[in-house]
Amino acid sequence: MREELRSWAEKLRERALAAGLSFPPVLFEEVGPEEMAMLAAYGGFPHRYPHWRWGSEYLRYRETYRYGLGRIYELVVNTHPVHAYLLRGNTLLAQKLVMAHVYAHADFFQNNLAFRPIPKDMLDEMGHHAAYVKKAMERHGARSVEEFLDMALSLENLIDPHAPYIQRPQEAEEEERPRERLRVRPYLDPYVNPPPEPPKEAEEGARPRPLPPKPTRDVLGFLAQHAPLAPWQKGILEIVREESLYYVPQAATKILNEGWATYWHTRLLLPLLSPEEAVEFAELQAGLLASPGLNPYRLGYLLLKEVEERWDKGRFGPEYEALPLGEKLRYERPVGEGLKKLFQVRIVHTDLSFLEEFLTPEFALRRNLVAPEELPRFAEAKRTLLFRLTNAGYPIVELRDANYANRGELFLEHAYEGMELDLKKAKAVLENLHRLWGRPVHLKTVVGGKEALLSAGA
Amino acid sequence: MRPIERDLLRFKEIVRGEVRKRVREFLTREELFGQMEGRLVSIPLPQLELPKIVYGEPWGEGLGLGGAGSEGLGPGGHVPVAELELEEFLDLVGEALRLPRLRPKGEGEVTEEAFRHTTIARKGPRGLRHVRRTLKESLKRSLLTGEYRPEDPLLVPEREDLRYKAPRSRPRPHAQAVVLFALDVSGSMREEELRLVKTLSFWITLWIRRHFPRLERRYLLHDAEAWEVSEEEFFRAREGGGTRLSSALLLAEEILKGYPEAFYNRYLYHFSDGENWQGDTPLALEALRRLLPGLALYGYAQVQGPYGQGRFLEEVQEELGRQEGLATAEVRGKEDLPLALRRLLGG
Numbered sequence: 001m002r003e004e005l006r007s008w009a010e011k012l013r014e015r016a017l018a019a020g021l022s023f024p025p026v027l028f029e030e031v032g033p034e035e036m037a038m039l040a041a042y043g044g045f046p047h048r049y050p051h052w053r054w055g056s057e058y059l060r061y062r063e064t065y066r067y068g069l070g071r072i073y074e075l076v077v078n079t080h081p082v083h084a085y086l087l088r089g090n091t092l093l094a095q096k097l098v099m100a101h102v103y104a105h106a107d108f109f110q111n112n113l114a115f116r117p118i119p120k121d122m123l124d125e126m127g128h129h130a131a132y133v134k135k136a137m138e139r140h141g142a143r144s145v146e147e148f149l150d151m152a153l154s155l156e157n158l159i160d161p162h163a164p165y166i167q168r169p170q171e172a173e174e175e176e177r178p179r180e181r182l183r184v185r186p187y188l189d190p191y192v193n194p195p196p197e198p199p200k201e202a203e204e205g206a207r208p209r210p211l212p213p214k215p216t217r218d219v220l221g222f223l224a225q226h227a228p229l230a231p232w233q234k235g236i237l238e239i240v241r242e243e244s245l246y247y248v249p250q251a252a253t254k255i256l257n258e259g260w261a262t263y264w265h266t267r268l269l270l271p272l273l274s275p276e277e278a279v280e281f282a283e284l285q286a287g288l289l290a291s292p293g294l295n296p297y298r299l300g301y302l303l304l305k306e307v308e309e310r311w312d313k314g315r316f317g318p319e320y321e322a323l324p325l326g327e328k329l330r331y332e333r334p335v336g337e338g339l340k341k342l343f344q345v346r347i348v349h350t351d352l353s354f355l356e357e358f359l360t361p362e363f364a365l366r367r368n369l370v371a372p373e374e375l376p377r378f379a380e381a382k383r384t385l386l387f388r389l390t391n392a393g394y395p396i397v398e399l400r401d402a403n404y405a406n407r408g409e410l411f412l413e414h415a416y417e418g419m420e421l422d423l424k425k426a427k428a429v430l431e432n433l434h435r436l437w438g439r440p441v442h443l444k445t446v447v448g449g450k451e452a453l454l455s456a457g458a
Numbered sequence: 001m002r003p004i005e006r007d008l009l010r011f012k013e014i015v016r017g018e019v020r021k022r023v024r025e026f027l028t029r030e031e032l033f034g035q036m037e038g039r040l041v042s043i044p045l046p047q048l049e050l051p052k053i054v055y056g057e058p059w060g061e062g063l064g065l066g067g068a069g070s071e072g073l074g075p076g077g078h079v080p081v082a083e084l085e086l087e088e089f090l091d092l093v094g095e096a097l098r099l100p101r102l103r104p105k106g107e108g109e110v111t112e113e114a115f116r117h118t119t120i121a122r123k124g125p126r127g128l129r130h131v132r133r134t135l136k137e138s139l140k141r142s143l144l145t146g147e148y149r150p151e152d153p154l155l156v157p158e159r160e161d162l163r164y165k166a167p168r169s170r171p172r173p174h175a176q177a178v179v180l181f182a183l184d185v186s187g188s189m190r191e192e193e194l195r196l197v198k199t200l201s202f203w204i205t206l207w208i209r210r211h212f213p214r215l216e217r218r219y220l221l222h223d224a225e226a227w228e229v230s231e232e233e234f235f236r237a238r239e240g241g242g243t244r245l246s247s248a249l250l251l252a253e254e255i256l257k258g259y260p261e262a263f264y265n266r267y268l269y270h271f272s273d274g275e276n277w278q279g280d281t282p283l284a285l286e287a288l289r290r291l292l293p294g295l296a297l298y299g300y301a302q303v304q305g306p307y308g309q310g311r312f313l314e315e316v317q318e319e320l321g322r323q324e325g326l327a328t329a330e331v332r333g334k335e336d337l338p339l340a341l342r343r344l345l346g347g
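Which chain is which? The protein sequence lines are A and B, in order.
Just so you know, we're using full-length UniProt numbering here: the first sequence kicks off at 1 and counts up by one.
Just so you know, we're using full-length UniProt numbering here: the second sequence kicks off at 1 and counts up by one.
The following block holds chain B by itself, in its conformation from the complex:
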């Protein structure tokens, strides 16, 4: 191994150690949430920066004489930030929280596409040169530079014209998944509880997507009735009337018809304070009995505020506790998040 690779490994080892140590803190860091669409996660790890005696304030801007940042021929100054690939970061979080691996269910197997040369690249081995595309580029160039003469249409490809067949960078898993989030907005969900829901659904989404890159997401709200909303709307708190937990389950059942069990790993998550209309609970349990066999997981998270008296969690556990695919958790505050996340993912 080259010495620099050894230094890199050591650095990554230190970063991993820090992430593991501080994973609970990362769980609730909302500024991370925005970054997760990209490939790299910047992790604020001030511990990893070697402290030095430096000035506290940033330098003032100086007219056209120069502000911050510069680029040029050689290497620039250093900005120590730990960046991790999203997958690596998630694996670390998963490892530290002991999140379970999700297994594709039924026939929605992970089949990998054959390694086929389906794209075009500017570099490659001679044997894979794509003649037609190369000539096309050559033609384009000679037209642009005015070298092309129709009476003598000879094309001499230059280096920059060469095109090669290239493999797709990554074989894509075929397994697909759909996740439905249902949120009870009937009464006592406050800002704080809503934040817990947001955090949980964020990490659940990431973790499922880690296993099923082709993931579709749907969001439901309900009080006595259920309706579908966009992702942004889902997290906007509001208060409604009474509660019928069954309404969400019935709507979910309806939506899931569009995602046949044979092709999709279907996940349903339900967040509620657990208070339900009398008489609705049997209906909800009935709906659950129908739903469960076709789901990869039904996760029920009872998010209780200070006045929470909900009993749905107990009722579900009494009636369906033994059923496979049922995951329940009770969340009273931030400190419950790591365990709740593990439970809700079936761990």
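Isolated chain A (complex conformation):
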């Protein structure tokens, strides 16, 4: 890395720490556009298992850059230390902006609760996964492994995003652990350590154990445990599941995380700008915030600014909440707690709770996101937005029974909330599930306003 860049990285790091951010070491690396496209396709990692979909993504990023339709300025990976890639050839100011941005992301990774259970050595994990898949390809043929991966990847959103947060009860494990064996001479072993008694038939009949014991969203995990598959196939299901879980918190905090990083790069960099740089900075910032649609940078940034302002001006608490809208806009009670509140927000919220709590009509009015005459539609628009952020925008599907109708069939249920599934795709997924499970599979959902059972293999 260039010396100039290195010294700026150090300077910005010190400023970030002094401002109250806390993060592990950050390794910056400048890369060219092709390498950036590769890293983006690989989800930020230098090694992934072989699969054509990375190639398809890579092509898209590369062509997007080549035809000047967009460039990736920055990539940050949630590892320890944090790895960050800067696009070589950007102006020094752009790199400074990106580095400040990256420090804030690193702070977010370290402090936000959603990231707490995520392993920090994913770099190694991804490498292991790649090696595992390659080995399977050598042994079982590249095409059959690829085909299996295609099937597994079509199930990649059938996970329980909360799985890493679930504390498993201790007893359950004990029950399964084999009793400790006393060490004796081999010929005495059957007498000293007798094999466990087989359950009596009467008992078995009295306590039918449902499978899964409770309905679960972790379909991939269930299949990896119970589907009649070869060990390497189960391994691949585990890999897909684990990688999918790794990206859950990033998807769930996109708006907050980008808003946080934008807030901090602005705050850390603005005081350091020369007049000429200020113009370039304004341009970069405009490019970042002005792009249309649901722009996580803009929405996150504006909301955080709003939170800061509200807590600086005392616009919170029961007294404030009770005011009518017009008075809320004028209310002021200087308490100066803005920054403190921001640090709290970055720890406890995900996009869903963040927007639920702070995306208010007052905010939308103040920032000109809605015109006053649009206010009646605000609640509905907010509801749509929140729905879209729920479960990363995927339908929620539970596995309810693996012995449906007492025939070893899979029974899944879509938690219908007013929006219907893409039937063609759902059926294709069911076909894949059927191939994995070997018995018919069913998905209960709603079609045309009526309950319906989609099936494959039946």
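The list that follows gives simulated cross-link-like pairs (lysine-lysine, DSS-like), each with its CA atoms no further than 30 Å apart: (1) A:Lys424 to B:Lys21; (2) A:Lys424 to A:Lys234; (3) A:Lys135 to B:Lys52; (4) B:Lys12 to A:Lys135; (5) B:Lys12 to B:Lys52; (6) B:Lys52 to A:Lys382; (7) A:Lys340 to A:Lys313.
Derived contacts from chain A toward chain B, CB cut-off under 7 Å, selection only: (8) Trp52; (9) Tyr58; (10) Leu59.
If you are wondering where the hints come from, they were derived from the structure by calculation, not from laboratory data.
Here a beta-carbon is modelled for each residue, glycine too, at the ideal position from N, C-alpha and C.
Take the given structure of chain A and dock chain B to it, following the hints.
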């Protein structure tokens, strides 16, 4: 090879396989026709998308809170579409349909321009720096920012001012071609037959252009008389009176005088239902005899509707069947297109 290149190759291999498998379907996909001017062809390959359980309807628009799409510092979400360079796509189609390679005829050789540095770029090696253009940029900038002082006109080029001589991105083949399409609008061409003609002429154009990037196109309509029209007009169906196939050939002969054989590969395509006025066929064949030696190809496609009784195809084949440069095909429906296309291109 880097692993990502291997993934990319595998992806392209899969795309190619899909294109080959579904090439007949692509032939008649009219939504492709509009895209062909660009460099990339988006190919709808739903098979290549890994299916997932997702919602069916798109999300509603949400005031200023956000609609679709976003751009920023990092990579965005993924939209799986297979895109191919037009050339690559055409080669695949050509391969799958076994379309023949077109060879430049006569003296209109493909000569490539020397690899010369004829444009200006913002990046390049120091040795190719273009001093005059660099200083010009520097002057422009200093005038704009107000740094320029006439009493001390010193120009210090900055990074952004630097200009370099650069090679043209692609050497251009010199071979040129002209293609004439003639369409018989006398009687029985209906909407459906016209669509077949459109499809054929579209792919013929692309395939010729694949070999001769400098391609000119001319369009003729005829019933008893022939007249020249624009490309759009060509595909608008209408009905005329009687038929004289010779009229189109004579007009083509006239137009082709503007494209000397020595410099152009000349293609003439003629679409008709094959019904001709009695007495005109000898004239048409006579005109063809004159035309054929100077043409790269004369393609005659007899597009017949349900009542087609035309005999011109047989007559041409009887009289001129052995002649080089003659390509004929009979088209009764969509299923004949792949073979007709191959035949009409001389395969």
